[in-house]
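Two independent chains are provided; combine them into the complex using the hints.
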Amino acid sequence: DEGQGGSDARVTGAELRFCKHRLESNPRADIISTVEFNHTGELLATGDKGGRVVIFQREPESKNAPHSQGEYDVYSTFQSHEPEFDYLKSLEIEEKINKIKWLPQQNAAHSLLSTNDKTIKLWKITERDKRPEGYNLKDEEGKLKDLSTVTSLQVPVLKPMDLMVEVSPRRIFANGHTYHINSISVNSDCETYMSADDLRINLWHLAITDRSFNIVDIKPANMEDLTEVITASEFHPHHCNLFVYSSSKGSLRLCDMRAAALCDKHSKLFEEPEDPSNRSFFSEIISSVSDVKFSHSGRYMLTRDYLTVKVWDLNMEARPIETYQVHDYLRSKLCSLYENDCIFDKFECAWNGSDSVIMTGAYNNFFRMFDRNTKRDVTLEASRESSKPRAVLKPRRVCVGGKRRRDDISVDSLDFTKKILHTAWHPAENIIAIAATNNLYIFQDKVNSEMH
Amino acid sequence: MECALDAQSLISISLRKIHSSRTQRGGIKLHKNLLVSYVLRNARQLYLSERYAELYRRQQQQQQQQPPHHQHQHLAYAAPGMPASAADFGPLQLGGGGDAEAREPAARHQLHQLHQLHQLHLQQQLHQHQHPAPRGCAAAAGAPAGGAGALSELPGCAALQPPHGAPHRGQPLEPLQPGPAPLPLPLPPAPAALCPRDPRAPAACSAPSAPPGAAPPAATASPPASPAPASSPGFYRGAYPAPSDFGVHCSSQTTVLDLDTHVVTTVENGYLHQDCCASAHCPCCGQGAPGPGLASAAGCKRKYYPGQEEEDDDEEDAGELGAEPPGGAPFAPCKRARFEDFCPDSSPDASNISNLISIFGSGFSGLVSRQPDSSEQPPPLNGQLCAKQALASLGAWTRAIVAF
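Chains U and P are the protein sequences, given in the same order.
Counting in our numbering, the first sequence runs from 122 upward without gaps.
Counting in our numbering, the second sequence runs from -11 upward without gaps.
The following block holds chain P by itself, in its conformation from the complex (with noise of 0.2 Å):
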């Protein structure tokens, strides 16, 4: 069925619902605030795989900014089963089947699997930093010359074969398992953050001295440690780093997303990664200091973390949308942080939308509590719900129901 509100006017128009129902006479209807907060779900899910989709497609349009030789590497992107476009993320389309798991929508799926893909890659970015000795590292001789070539790297170094061998997962593409780390969102930050162009790279990787243009040997064509084809799963498989193998310290290493500011922070165990790095004793890291990558990450400590909200929403509704894969114990930023360096940016229904998601992650009692205060002015009506009325009463919404 295709709706003719595109999911951002869906949510607003739900949440506006679930505020008025507040005020109405007789109370809140527990029936019609459940039923809201179901078409919430639907919509923010086909929001949020809209919006991956699109960065994803930002993503690859940089990619195509490069000379001809990195080609390869759109290969590394193209994992079985990936969307070409967005189009295919929804509206929501079910794949057949009764039980749960196979009601999952297949849009989810598919964020699973680009949460895979960019977890991947920039992991194998960031090791690439920390990894003075890479190995193999051949793609450092084709490393890019373009600060927007900062990912071409990846399928190079995503050849670097843990030293133990990476465990197999089993299935490709499924969230990472079994370590503490699950859905991170990554997205390539800004180019010149993780420029391999770093002095900090290993010295195998600095080939970016070369001239931006220059055509790096074709070296990084085949990775040694991917027995298949960039396409395959088995690359992904094969060369997906086992959380071990950063070491202790980095053993949950996590790479949030801030959909706002599109700013990437990767947390270790719980600690900004510079945190972790600024001890002496951290194996990973040649040198006492936060790689280039996340210096400017560093400079704003937001994290979004919405797979971890994903996977609470799936434990609340149990069956209600198809059963998430189990993550393990993901590190869980505190949820209420976000909302307290909130920065507004220049479109303000997309934060509000993006900071909405966040708060009805919290799961349905974060939807509905009765607040008596009649004090309390009633939103503006203009379309979107004002976020900061809406973080504001983030607190009230939480209280739990029983007071209804």
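Same shape as in the complex, but just chain U (with noise of 0.2 Å):
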């Protein structure tokens, strides 16, 4: 049964507040396609398809209007990539952005990395809040004054002005990779990140834009023997030796850098038996994950397959310690799944900062929390609809026969269409980032703001 949390769970009780979009006058070139909070959250970065990213920041909460408190508010748009064109295989690069990754704030800047099927990026992100006045050779518009009319020295002050945000590449890292980039992941060391695509990944140093370190091949020396690929990749938050990534196949394996330089070895695999019972033509294809996490803990991995949710414990190879049914009652729909794509949609998955409940996104502009202490879990919609500001978002249900209730939704009223891929939870606080195609939702949960 779909949908069963309910007013008393905690994270249901939520108020909300939407930002939405920009809207372009591409309509394709605004489907967010990533979302990511920083390491305090106070900045919201999101990339869409066309290349764009734009980053959102918490306004300080106001004692004068208490209700606004702490409303995220658009605080830079850039143009991160550019549609390119690879020559030699005749190939377009596509500049949707796939992944955006805060560095931790080491000043004033904020950094942050983004990435296409190709190239990394490095973005600082500076203010300028400050403008010097009273320079001696040059005039109020910058025009280089007559020596003749200088008289007199004067110290140019700094005098305030509208904040203006500025960003700048600072580092571009190309040419790494032969096959679609899906992961980029930071390492706790602040130094290095990796990179992810279908086959290898790289480790590069955030300073090094000519040369990167291949740590994990997977292409097989005859590529007719190809039975799997990388799906996904990260580097555990604590231990800046160790990094898990997932596969087609539906395994992690969690690597130590310290064991050799080529990590083709794993230190661990963890992979749950399939079920024979539930075989069926497209097994392979839900078996594949399409995100892995690390809990905040670092104790514990989440990963998203077409139609569950697992929770791993490191210290277990064999299975996962939960599994989370997202939305079961697609398992007899796979066929049409397959025939109209859906079936290759790539959801992700996110914890809390407390790693007590994890979210994943759905259909119909459904998404999923599960509350691990509970075990209860709870259907929410993001839409327009249903998102008065300030009202509590209501519980949803997909009914699959039997008793149907007012509101429920049928299986097969669901639309396909209005998918959620990509959520972000705020590292501290029930807060929430929504991607629902080009609209951008966060949700807070006022009532029970602090995480417990």
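These are computed hints drawn from the structure, not numbers from a lab.
Every residue, glycine too, gets a C-beta built ideally from N, C-alpha and C.
Watch out, some of these pointers could steer you wrong.
[Said to hold, decoys possible] Computed list of chain P residues with no C-beta within reach of chain U, every gap over 12 Å: (1) Glu42; (2) Gln50; (3) Gln52.
[Claimed, not checked] Coverage of chain P stretches by chain U, computed from C-beta distances (three or more under 8 Å per stretch; other residues unrestricted): (4) -7 to 1; (5) 9 to 21; (6) 26 to 32.
Here you go:
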């Protein structure tokens, strides 16, 4: 049964405030393709299919207007990637932003990595809110003064100005990948990061762009022998030597960079034996892992495949410790989902800050949350109709036959074009960002704003 | 899980996806194409097993037209584990177990059994024609009258005990091992071709002079060599002629079936049998000319050897779909050969599928290979990929993926 979570579940008492993504004339360009909070949660970055990055900043809470505390407004917008053409292979390289990862903040500036299929870029975001005035050699417009008119010296003074956010590309990490990049992950050492494509994972230094180290290579000698690809990868949040990567066969490999320069041999292999009673034409597709995330504690991993999310304990390789059904009612519809390509959708998953709740998206603009402690789950919808300001989100339910309640949605009336692939959870508070096609929804839990 | 689409539609849809991915913006998505190739393989397995079941059913219907004294031959076909109908073949259901072997789809296992069965019978049929002095071919006396009774000889001749005894195969109905004849796909050819009335047939087996419908003595009832009833595995095991029985020449006889024209060709060590037997030194052929059973087959040199490609698949997809029983070093007809001899039949869809099944037996690289060919016309998306286009681009498809 879907959508059981009642109003007493912490996360469902959510007050709504949504911020709509800016629309461009090209309707295709602003489908959101990635969402990521920074380490403090103050900034929220989104990337879209048109190669643009939009950064939102949370307004500081104001005592004067308690209801508008902590809302996110647009902070900066810039074009990160442009379409390119690989002449050697006659391939167009899409500008779609696949992933954004924030670097830990080390000074007043913020930095993030953004990547498309082939190229990773390091962007530096700086603020300017003061302007020097009173130059000796140039006037207010910047024109050089006639030296004969200069009779005295003055020290330029910094005067406040309207806040200006400047973004500049600091590094461009190009030509590292033959196949399509699917993930990037910053190491806890804050000096290196990795990028993964279908068959290889490279390790980069943030300051060096002309070379990278290949640390995983699963390309077979004969491409006819190809049986699986890398689908996602992430560094461990605390141990700078550990990283995990997931495969299209549903397995996870934990690798230790201390063991060897080339980490083809995993240190741990996490995989669950397939249930033979569930075998179908599409078994291979639905077992492919679309996302993997370490918990904040570093003890667990969260994976998403087409129908489930699973929690794995790093200490147990044989099977996940928890499995949650996201939308098992789709299991009988895999054929039509294969026809319309929905079966290839790559859903992401997210932990809350205390690792007690996990979240993932689904169809019909539904997203699901699972409380690991109470075992309660809830289905919520991100839609304009159901989102009056400060309205509490109502739990939704998908009925699969049997008794149908008034507001239930039947499986056959689900809109499969409305899919929530990208979600993000604030690192400390109960604030979530949901990307629904070209709209960004931000929900806050006002009732329980502190994470438990 | 039941799929609303049949295997053929799934194959068609999958091929369309792969083809359209080649023109999509951003280049070929390796992950997606890999997943589609898995669906293709799964659907192909089911399609093949369904085809064989269909052919098997057809064969049974032919048998049922025979006089009742040939009923025992129906038992001959009732190999243990053989499904009664094609419905048992699919949808894909795996037997339990976690290891690769256990995960082999039941349909595939049954397919092997079918292969075994047909190979056995066809070999015995040919054996009958080639050996002038059949060993106790009591079945000859019971030679069926009708042309369609070609196979009715088989149980009797299946009783033929190899001169030095059949080697113990260990397991019932496992693929022809250890010899170099792996998974052939025989189908009884047009009855006339192997009609026991053939004058070349051994004298003892020339009972076919009896008019059709005559009831030969029931001497065929119990094959001498077989200790067990027809339905027991022992029947086949004991009766299975060892490769060496055919003599040096025919030690690796392979009978292949063309799914499109249903023509059976027997191949010997890589040669068509008539070539082999044309040699005067061939010990297994009384005459220097090929038997009639092969005459018609010789007319068409097309060979289809899906068993081979299934083995190849499993070598490639290590552990993906379960281990294929080892087949030794099988005769490997050139895969390209069948494409050159492409003869469209009346059912373009079926021939498309058959040929495309052959294409994708060549592994994943046969599916994905970027063609920087902007002048290439996209295929007509009229439900089925045009086989000729698919064949024309085959060479391109098999190019290695390194350029991508």
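Tested hints:
Every CB of chain U lies more than 12 Å from the CB of Glu42 of chain P, the least distance being 20 Å, so the non-interface label holds. Look at Gln50 of chain P: its CB is around 33 Å from the nearest CB on chain U, clear of 12 Å, so calling it non-interface holds up. Interface exclusion of Gln52 of chain P from chain U stands, the closest Cβ pair being 34 Å apart, more than 12 Å. Here's how the segment -7 to 1 of chain P fares: 3 of its residues keep a CB closer than 8 Å to some CB of chain U, so the rule of at least three is met and the hint holds.
Three residues within the 8 Å Cβ limit are the bar, and the segment 9 to 21 of chain P against chain U gives 7, so the coverage statement holds. Residues of the segment 26 to 32 of chain P lying with their CB closer than 8 Å to a CB of chain U number 4, which satisfies the three-residue condition for coverage.
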